[in-house]
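Participant: Chains as they are written, first to last, in this note's numbering: chain B, 9 to 436; chain P, 9 to 436.
Worth flagging that the hints you see were computed from the coordinates, not collected in a lab. On a predicted model such as this, the values are computed, not experimentally measured, just so you know. Check each hint, because a few of them may be wrong.
Copies of the same chain look alike in the list, so a pair counts if it works inside one copy or between any two.
[Said to hold, decoys possible] As a list, the in silico BS3-like pairs of lysine-lysine whose alpha-carbon atoms are at most 25 Å apart:
no., residue 1, residue 2
1, K123, K108
2, K397, K123
3, K108, K208
4, K108, K397
5, K294, K47
6, K108, K67
7, K167, K284
8, K167, K108
9, K129, K108
10, K129, K294
11, K208, K47
12, K405, K67
13, K167, K47
14, K405, K180
The residues making up each chain are set out below.
2 protein chains.
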Amino acid sequence: MLDFYYEPDNAMLSSLLERNSESNDEIRDAVLSIMDDVKRRGDDALYEYALKFDHSRLKSLFVSEDEMEDLSSQVSEELKSAIDLASNNIRAFHEAQVPKGEYCESMEGVRLWRKIVPISKPGLYVPGGTAPLFSTVLMLAIPASVAGSEDVMLATPAKEGKISPALLYAAKKAGVHRILKVGGAQAIAAFAYGTESVEKRNKIFGPGNRFVSFAKMEASRFVSIDMLAGPSEVMVLADASASALYIATDLLSQAEHGADSQAILVFIGSRAEAEKKKNEVMEEIKRLLNSLGRRGYMEESLAHSRIIAFSSIPDAMHAVNEYAPEHLIINTEHPEILLDMVRSAGSVFLGPYSPESAGDYASGTNHTLPTSGFAKSTSGVSVDSFLKKITVQEITKEGARLLSGAVMAMADAEGLSAHKEAMRVRLC
Amino acid sequence: MLDFYYEPDNAMLSSLLERNSESNDEIRDAVLSIMDDVKRRGDDALYEYALKFDHSRLKSLFVSEDEMEDLSSQVSEELKSAIDLASNNIRAFHEAQVPKGEYCESMEGVRLWRKIVPISKPGLYVPGGTAPLFSTVLMLAIPASVAGSEDVMLATPAKEGKISPALLYAAKKAGVHRILKVGGAQAIAAFAYGTESVEKRNKIFGPGNRFVSFAKMEASRFVSIDMLAGPSEVMVLADASASALYIATDLLSQAEHGADSQAILVFIGSRAEAEKKKNEVMEEIKRLLNSLGRRGYMEESLAHSRIIAFSSIPDAMHAVNEYAPEHLIINTEHPEILLDMVRSAGSVFLGPYSPESAGDYASGTNHTLPTSGFAKSTSGVSVDSFLKKITVQEITKEGARLLSGAVMAMADAEGLSAHKEAMRVRLC
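With the hints as extra help, turn the sequences into a complete structure.
Facilitator: Listed below in structure tokens is the structure:
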């Protein structure tokens, strides 16, 4: 638990930062067979899988309005207010993200712009699993609502026919239009191919276990997906100034997600400072393990956690950027200086009072973030994820004349004579 | 050629708008075997495939500075000016796209923003094929340059060791850092896994044949890709006011790309007007086929082209949005009214003087666009494609206090006690 490495060489560092990305042919075959079945048999297959996997004997595939009203009213006032507050913050930040579009006249009479259009019919997946993740409903459905997406459908398994009231309350609050009581690869198949009662989705969003991830990978041949989500990760970047208690609770917040979650502490300081902090953090973790729930997950996950310490800031930042963590907590004396050096991370939490759990739930940022190093090349879910930008050009006769020489010379050189002709005839 | 349908019913319309999306197990196996070989043997495999597929006995995998200078100086002054003009226009439009970022204080002391960072080490693929597509170099490398991406690598096959001078000139102009003389699935494998001399890429861009597309699909498990590009498509939306000659050259521009290109004319008007226009367009096409090159491709492609006519504007726009064409030319009396009704298209060309070839080469918009209906959910390549947006939050002690109730209630309800604890300890 929290194995300690001081200034590892590059080869060692690479191996410390590696994720296990085993592929599993058994899962692949099971997923493809479920998806194929849904493609062929449609709704019938969905009813059968709901019974088989969720022990759910459904009368309808969708949550009815009555169910929605009855169940969402069962949520405690305290939790309703919490969801309302989170909702407002998430909406505020995502509204700030709405792009303006742009206009450019590249030459006289050559007018270019982008028309911004919401993606209609998104499919949002929210896992059932060990905890009812109503927070994920907010994180997917609020950006869709801010973007203005039509026909927002959410799918989640109904264990023994039931969906968590908090999840329904969050869905209502966030503007979900319909809730499909189906989970797993079968839900993703319904989204990707459509069935009698589920209209095919244009883009599929949301986390899930390895079955769901595999199904999204397969679906991505036909429809868009938000990202391929792997196990959750946090990197805590700390120095001697950081509270060991804060570090310990931040590492544990990640570890409690599941046995495959990864928590790495990158420490900046001398070997003595690093060892001292490691011991203090270990003490806090041991104490907390006795008082918190989900101890099994935390112990399994912490078994592959580690502390990697560096005396130099650039070396530490190199490790951060190479790993490209989903969540990066910077708990150091001058966090903003280190933020300037961050090149790859999903979401950054600056300073001692910004725990990951603030962003996971309520501060307003999105918690659907790239894992497995995809933060090197992708961003988390935002309003952008629910928008398309269609380029438009309107060229006048004079603009066509000004462009024609270049277009015709290039078409000639590429051997495309009809392209040239299409320009040439506009000059007459 | 140009089969005619007037107001088809919904079932018929669906079948008229269908793309053939056959998957091919032989291609899949060949691609996976090449990729696996590159993964295992690295550079050696790249040299061997260059010899085998491109008859290219390479001394180095990369274009040298001398080669770059020598060859790019061989480009004619006319073509250089054309590339320069196109380059300037593309740069102007993509510079207008650079996002500003945003800042939001969702509650007192809860500060949220996005830090925008270029994606480093992009891998750009440009096919060899039947024509040297130097225009694609501009379309991929200029957005990378505007975004500020580091280490921009382009791969293209060197047929018999040679790369087209125009392609090298365009690469230099657009700011490409290194050119890898490797094509096909082997280039994509080098990008995705890295070899001794090719550092692994963070995101892979660019069009290609079915081998390349399949390789990108496989690569997308490990690195990001821009999109899965299928055969090119145009939809021309016209009414009685449109010139049959313009329509004919626009359909042929698409058809000359390859036998699997698709060109569809959607006509708004009475049956008599539609049949008249169809006949005029056919006349022009027949005449042009005799005078233009690439007749074989055009005839094969036109064999599955069609004209679908509607008397009602909403019906016509329904067909457009259901098809979600890569390119949409609106050549009607009031194109801006129809533009308002466009929900899904890659790029729109408005009015009689905006042929697709203007945007393919030089007006400034990007020609790397979603095909196969992906325009329902994705946008073409833009500066966004080369940027990541990292969310950041900085919460003050007071902000943490204001958020804490909601975070703790939600963590409780989701059964995540360490998440709650991480917030609770910040209050002490």
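Participant: Hints broken by the structure, by number, lowest first?
Facilitator: 3, 5, 6, 7, 8, 10, 12, 14
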